[in-house]
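The task is to assemble the complex, starting from two chains supplied on their own in separate frames and drawing on the hints.
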Amino acid sequence: GNSVTQMEGPVTLSEEAFLTINCTYTATGYPSLFWYVQYPGEGLQLLLKATKADDKGSNKGFEATYRKETTSFHLEKGSVQVSDSAVYFCALSDRVTGRRALTFGSGTRLQVQP
Amino acid sequence: GAVVSQHPSRVICKSGTSVKIECRSLDFQATTMFWYRQFPKQSLMLMATSNEGSKATYEQGVEKDKFLINHASLTLSTLTVTSAHPEDSSFYICSAVDREAVSNQPQHFGDGTRLSIL
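Residue numbers (this note's numbering), protein chains in the order written: chain V, 1 to 114; chain F, 1001 to 1118.
Bound-form chain F, shown alone (with noise of 0.2 Å):
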């Protein structure tokens, strides 16, 4: 089946860093990625929309500025939280919608990064 990888799966890092996490799908070319947010034992969150070759949209209250997303191809999506601190850890989960599916076809996940900043 379809397989969505993200990468890495953890990260650890000083405040002030700024680090990139990579989603691609490995099997299906993906038009629309989604970025989700996820704070400990709560629901996942939407941050944003990454859309191949145009730019991303993002939901009220995430400043665009502090992650950024780049999507250059169809199979790869990258979120950066620039310059991150304390209250930038969390888990962050990508997901994939396949080009060829049909509007009621689910996402496909990726396993998801643990972000932690020192």
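Same shape as in the complex, but just chain V (with noise of 0.2 Å):
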């Protein structure tokens, strides 16, 4: 079946530090790969999103590129923020079987410290 491995965390780095989160998947065909984000006590949002081979998704600074050669989806940030310290999952969706509910990692705490 479809798995998605995520680092463990916390991760914890200082304001403007570089960021990787990285994330492996497994899956059947060619899923789409999505990253959220938990800030405490809320739900998910979604944070970027890719859909085929070699699309880079990018939103507030974040970017992660669908690597088929590797199943890799790592989440990057140039700089990161205090406000930037939530937990996020990265997660596919399987488009082979047309399932539309989502697979999540175990999800990676990012503590950024001023």
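Errors might be hidden in some of the hints.
[Unchecked claim] Residues on chain F that point at chain V, a partial pick, calculated with CB under 7 Å:
id: 1; residue: PHE1034
id: 2; residue: SER1043
id: 3; residue: LEU1046
id: 4; residue: GLY1110
id: 5; residue: ASP1111
[Said to hold, decoys possible] Covered stretches of chain V, going by a simulated chain F footprint (3 or more residues, C-beta under 8 Å):
id: 6; region: 38-46
id: 7; region: 62-71
[As the list claims (entries may be wrong)] For each label pair, taking beta carbons as the anchor points, the in silico distance ranges come out as:
id: 8; chain 1: V; residue 1: ARG109; chain 2: F; residue 2: THR1082; range: 30 to 38 Å
id: 9; chain 1: F; residue 1: LYS1041; chain 2: V; residue 2: GLN113; range: 14 to 22 Å
id: 10; chain 1: F; residue 1: GLU1059; chain 2: V; residue 2: LYS56; range: 29 to 37 Å
id: 11; chain 1: F; residue 1: HIS1007; chain 2: V; residue 2: PRO40; range: 16 to 24 Å
id: 12; chain 1: V; residue 1: THR12; chain 2: F; residue 2: LEU1118; range: 30 to 38 Å
id: 13; chain 1: F; residue 1: SER1073; chain 2: V; residue 2: MET7; range: 37 to 45 Å
Simulated from the structure, these hints should not be mistaken for laboratory data.
All values derive from a computational prediction rather than experimental measurement.
C-beta atoms are modelled at their ideal positions from N, C-alpha and C, and glycine is treated no differently.
Here it is in structure tokens:
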């Protein structure tokens, strides 16, 4: 079946540091890939997405590139802010079966210190 | 943009109580909604797929008699936790798919309901 593996957190960075959160996946065919962010006590917000190989999703300074050859979708940001502190989830949806439910990674907590 | 409203945001109740959680799509119609459960510091696990006008599809290991799902209209799905017990305490999140969206469009999530059973 489908699965998503994320690096374990928490990830603690100083403000303006470079961020990478690794995400790899296992899926049939070519899934759509997503990064969601969850702030404390809130639901999930879509951060960015990519639907095919070599697509780059970007939003609010975050980027992730759909790498089919390495089955990866790593999240990056060049300069993090305290306000980026949250839990980040990598997810995929299965386009082969048409199953729209998302398969999530375990989440990575990011803590940015001033 | 699309908004999904989930209510209530927090519930604290006694063991044995049944609790209903509503998930509404505010500016789009959703033939499909999903219910997820999130344990502390863990990921979201799909509980069931709610289909408008038909029975919900439950994931393996989820008791359908315990977690009743009703999707009576294109904008509303409800999850009822029947005879809730402390082990049912969790964060429940719904999501909805715009019926007009193509297959690779993202789901829209509610803000979640934190259920605490005493």
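How the hints compare with the structure:
1. The restraint placing PHE1034 of chain F at the interface with chain V holds, with a minimum CB-CB distance near 5 Å, inside the 7 Å limit.
2. Look at SER1043 of chain F: its Cβ gets to within about 5 Å of chain V, closer than 7 Å, so that hint holds up.
3. Using the Cβ-Cβ criterion of 7 Å, the hint placing LEU1046 of chain F at the interface with chain V is satisfied: the shortest such distance is roughly 5 Å.
4. Satisfaction of the interface hint for GLY1110 of chain F is found here, the shortest Cβ-Cβ separation to chain V being roughly 5 Å, below the 7 Å cut-off.
5. Given the 7 Å rule on beta carbons, the hint for ASP1111 of chain F holds: about 4 Å separates it from the nearest Cβ of chain V.
6. With 6 residues having a beta carbon nearer than 8 Å to a beta carbon of chain F, the region 38-46 of chain V meets the requirement of three or more and the stated coverage holds.
7. Using a Cβ-Cβ cut-off of 8 Å, 0 residues of the region 62-71 of chain V lie near chain F, which falls short of the minimum of three, so the contact claim is violated.
8. The given range of 30 to 38 Å is respected by ARG109 of chain V and THR1082 of chain F, whose C-beta atoms sit roughly 33 Å from each other.
9. The hinted window of 14 to 22 Å between LYS1041 of chain F and GLN113 of chain V holds, with their beta carbons roughly 20 Å apart.
10. GLU1059 of chain F and LYS56 of chain V have their C-beta atoms about 32 Å apart, which keeps the hinted 29 to 37 Å range intact.
11. About 20 Å separates the C-beta atoms of HIS1007 of chain F and PRO40 of chain V, a value consistent with the hinted range of 16 to 24 Å.
12. Against the hinted window of 30 to 38 Å, the Cβ-Cβ separation of THR12 of chain V and LEU1118 of chain F comes to about 34 Å, which satisfies the hint.
13. The supplied range of 37 to 45 Å is met by SER1073 of chain F and MET7 of chain V, whose beta-carbon atoms lie about 41 Å from each other.
Against the hints set out earlier in the document, a violation occurs for number 7 only.
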